[in-house]
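Here the structure of chain F is known, so what remains is to put chains L and D in place on it, guided by the hints.
Chains as they are written, first to last, in our numbering: chain F, 1 to 431; chain L, 1001 to 1303; chain D, 2001 to 2305.
Source of the hints: derived by calculation from the structure; they are not laboratory data.
Incorrect hints may appear among the rest.
Stated by the list, open to error - With a straight-line cut-off of 25 Å between C-alpha atoms, the simulated BS3-like cross-links for lysine-lysine are:
(1) D:Lys2139 <-> F:Lys263
(2) F:Lys369 <-> F:Lys166
(3) F:Lys142 <-> F:Lys310
(4) F:Lys263 <-> F:Lys310
(5) F:Lys359 <-> F:Lys126
(6) F:Lys237 <-> F:Lys419
(7) D:Lys2224 <-> F:Lys419
(8) L:Lys1078 <-> D:Lys2139
(9) F:Lys369 <-> F:Lys344
(10) F:Lys414 <-> D:Lys2082
(11) F:Lys237 <-> F:Lys414
(12) F:Lys359 <-> F:Lys181
It should be emphasised that the depicted structure is a prediction, and the values quoted were computed from it without experimental measurement.
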Amino acid sequence: MGIRARSFLAGRTLVVSMVLLGAACSPPGPTAPAASGGAAAPAGAPTQLKVWISGTAELDTAMNKILSQFQAENPGVSATLEDYPFAQYYEKLTTAFAGGSGPDVYWIDIRTAEFAKRGALLPLDKYVSDDWTSDVLPVALKEGMWNGKRYSVPMHELANGIFVNKALFAQAGIPVPHDLKDAWTWDQLRQIAMKLTERAGGTTTRWGFGSQRDIGDWVVLPYLFQNGATPLSPDFKTASRYLDSSQSIEALTWWGKLFTEDKVATASPAPDAFPTGTMAMIDAVSTYVIALQRQYPNLAYDIAPAPRNKQCAVMTGGFNVGINPATAQPDLAWKLTDYMSRVKHAQWAEDSGYLPDRKSVMASGSKYKEQPWKLFMDELAQCGVSRPPTSEYSFFADTFQAMAKDIAGGADVKASVTKAATALDARLSAS
Amino acid sequence: MASSAHTGTVLPARPAHAHLDTLTVRRFALRATRYAIMLVLAVFFLLPYVWMMSGSLRTQNEIFANLFPLSIWTFIPKQWTLASYQALLQLQPFPFTHYVLNSLFVAFTVTLLSLIVNSCAAYVFARIRFPGRDALFVVFLATMVIPFEVLAIPLYLEMRALHWTDTYQALIVPFIASPLGMFLLRQFFLGLPRELEEAARIDGCSLFGAFWRVVLPNATPALIAFGLIRFQFSWDAFIWPLIVAPSPPVRVIQVAIASFDSDQLVQWDLIFAAAVLASLPIVLLFAFLQRYYVQGVVTSGLK
Amino acid sequence: MVRQNAAAAVLRKLSPTGQPEAYWVAFWLLLPAAAGLIIFTFVPIVYAFWISLHDYQLLSGQLTWTGAANYVRLLSDPSVTKALVVSLLYTVISVVAQVVLGLGLALLVSERVRGLGFFRAAYFLPVVASLVVMATIWKFLYAESGLFNAILQTVGLPSQPFLKSADQALLSIAALGVWKFVGFNMLVLLGGLQAIPADLYESAGLDGAGAIQRFAYITLPLLKRVLLFVVVMTSIESFKLFTPVYVMTTGGPQDSTDAIVFQIFRTGFRYYELGYAAAMSFLLLAVVVILMWFQFRALRSDVEY
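Next comes chain F alone, as it looks inside the complex (with noise of 0.2 Å):
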């Protein structure tokens, strides 16, 4: 290749990128922002606010409903709402805030930590006054916090229960628990699901036992609380110890046995298997509810609490709601914050579907003393359990999931849950 017309390419290339790569970092990250909710807004233009979440159709209205109440109580100030499915929702967050052009305010879960050490997250102390979180839940708090600080605020939450085929367990004459006292020990779980387990050829006809997420650590981590082992140190840094103890891998043991040995339970369970009859109890969430109202009106189903070893322990947790530190208006992105989470939260309690986490929404709400919402909110306030709020929080899900997923699939127990705990404690040491 001719010399000069390589090193004219060369220049021509150096140059270009040269621009470019000014134009484009500087600096890349939350930056002081470029466009939208410019500081110096002109008087008389609407204040904006980009507020994002992760929900479905009926989660936006019942979100836009609370914007537009905010935005008659606050003339001058327009909140658009966006809504990204949940599957691509942090990698969307995570360009968006690379690119210098993340939301004001937006939905935040067990990430609040990973985003906050980031940079993604404004601290909230000097907003949350020792007032506002008295009336939350404790563990709803969990969250939402870092190192010592507050970076979230609760939106919601969800608490886990076992949905039962009503006809199945009549016609087995298994009666259905409903208060968290009666709530099945680990044997007596067992036992039902092999009962009602059915096997017809070399297939499963009927799958004793299931949960409606997949396999992960929102799934399986409850078991090792019921038996009093956690995965992570209490500072979140360690693996070693706590997650390799005798009572962590005695509680995968017996979970993944369901899968191997019991077959009870399958890994890779038929979508809708639970309302179509193809499995007769499910590990669902709190929402499951209305997913089985909307598309399964008939089906008669019950709802049994989270079973319990030698403690209870339901797995909880839900969306929060952070601020962008790079936005314009912190003071006002806060009174949105704080109108999502707490003035309207009886309405959005009401309309999502999702369980309050606001003691007083919880006494005044009628609905919270019949069933099955009355044995969700026990379990939040007695038994709930939460992820933990580390700020890797993704690798350690995946690695979790990984070993889970191993070990319902046949996979040595101390092997997985070794590898495990190695790559967790190299990455966590850092953290």
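Relative to chain F, chains L and D alone:
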């Protein structure tokens, strides 16, 4: 002589008295086996599509219901319904057709501009010599091996710098230049006889004129082949539109389909119906332009 | 001969400047494509390389110079080696399956049979489907109570774990890949087959060569160029395996489907370590280039007919 050219089985001509002798039987058996294999393969290839289509015509509860034991009902809905398609048309904030139109617009624009830009470049690589031409071609081709995910973030930052996020340009412009297109079209141009252009030049055409008015029209099969490839590539795009232009006004089909699978609720009926709709334009296009596509692909691989 | 001379004379007359006119036209014809590639491919590559020399936290945008540290870490990272092996394995399986099946299909559709158009369309149909959608559908086809197991059981075979087994998962994904892309390779190989003159077979037949010999000594050698095309294209695409892993297995079980591109994506987008991810992608680039170079040498064809 009856011959199966490529396996090279050469069978002798039929004997004069055509009664059922071993040779005819053998020929028939061979034919029948061949047909059976093709049929079984065809079933395997069509199976997922058929299941997907029948799923789109069912109610949500029926979609996964009739798998065991395998029966005709696995593939044929017991209760036919167009409810899923209706639901697509009633989506908020935009009916599904809006996303279809977005995808169509983006795909057509990318294809058209791609054809023009890449055939120009391919012509240069095929016909006009200059120092370093072939090395430049190799450098261009080399970029094909880079997985898109590698470039996604820097490219996204570029889009930000240009203020092109959530615009159609971001979905179109980066994909106009295509090394694959340059390769395919160059192969084709190399196969065209030079006499065509020489005749045109003698008749008074400029170099560009010869290209535009004589060479291009003769390149229809390659253009259509590459056009279809480009169209499909744009139609199928998921990660990039998700990253750079996901908001509903400019959202494309694949992103819309992904949004039916959320944390709380997987709307299978919508997914199946949307998947069928998303396949339709592409299938129709390929069906109509099959001949050119086949010809184009087939000749490009030969050089 | 006379005409050629006349033509040459005319050409010289029409463009007295001769070559430079061509350069000028070449420049303008090439410009849009070159500009596009420079701006949207080369610049991002350069930028990605620059990022690979830093620790770049995606969310915060914090950039810390680390020099070659990322590359050093790469070379001693067992999960990266494993991921490369997974991608390589997948590529080998994919290429072999696609070439064999593609050639088989091409042979089948090269004959005149009833409904040829239908068969060719059926084998080609998966090519036009969306990979994201099909990966989702196949995930359920492979489920324990999915369609494939239903079929297996109907014919009396035991259920298979498919995506849940460390031994079968990669093969299951490969099956999807083959199903999706073999139709394209079938067409390309078909072209190659049809370009072989029939009389070659006939004369070989007259010389007493059997079907297999004809295939081995005529068909295969003359297909070399086309086979190279198929092998190279399939290798490049296979090595970049991502979407099916993302949709169906997220790298498991037991890292058996943790393809390198998936790992790059996860490291950069989920764990926010963009610098390290960028370094990984340059390693990937290097491996692919080496792969391609070997293939070109191995399948170099000097056969003319």
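Do the hints match the structure? See the list:
no., hint, result
1, D:Lys2139 <-> F:Lys263, "holds, 21 Å"
2, F:Lys369 <-> F:Lys166, "holds, 22 Å"
3, F:Lys142 <-> F:Lys310, "holds, 23 Å"
4, F:Lys263 <-> F:Lys310, "holds, 24 Å"
5, F:Lys359 <-> F:Lys126, "holds, 23 Å"
6, F:Lys237 <-> F:Lys419, "holds, 16 Å"
7, D:Lys2224 <-> F:Lys419, "violated, 46 Å"
8, L:Lys1078 <-> D:Lys2139, "holds, 24 Å"
9, F:Lys369 <-> F:Lys344, "holds, 20 Å"
10, F:Lys414 <-> D:Lys2082, "holds, 22 Å"
11, F:Lys237 <-> F:Lys414, "holds, 21 Å"
12, F:Lys359 <-> F:Lys181, "holds, 21 Å"
Checked against the numbered hints given earlier, the structure breaks only hint 7 and satisfies all the rest.
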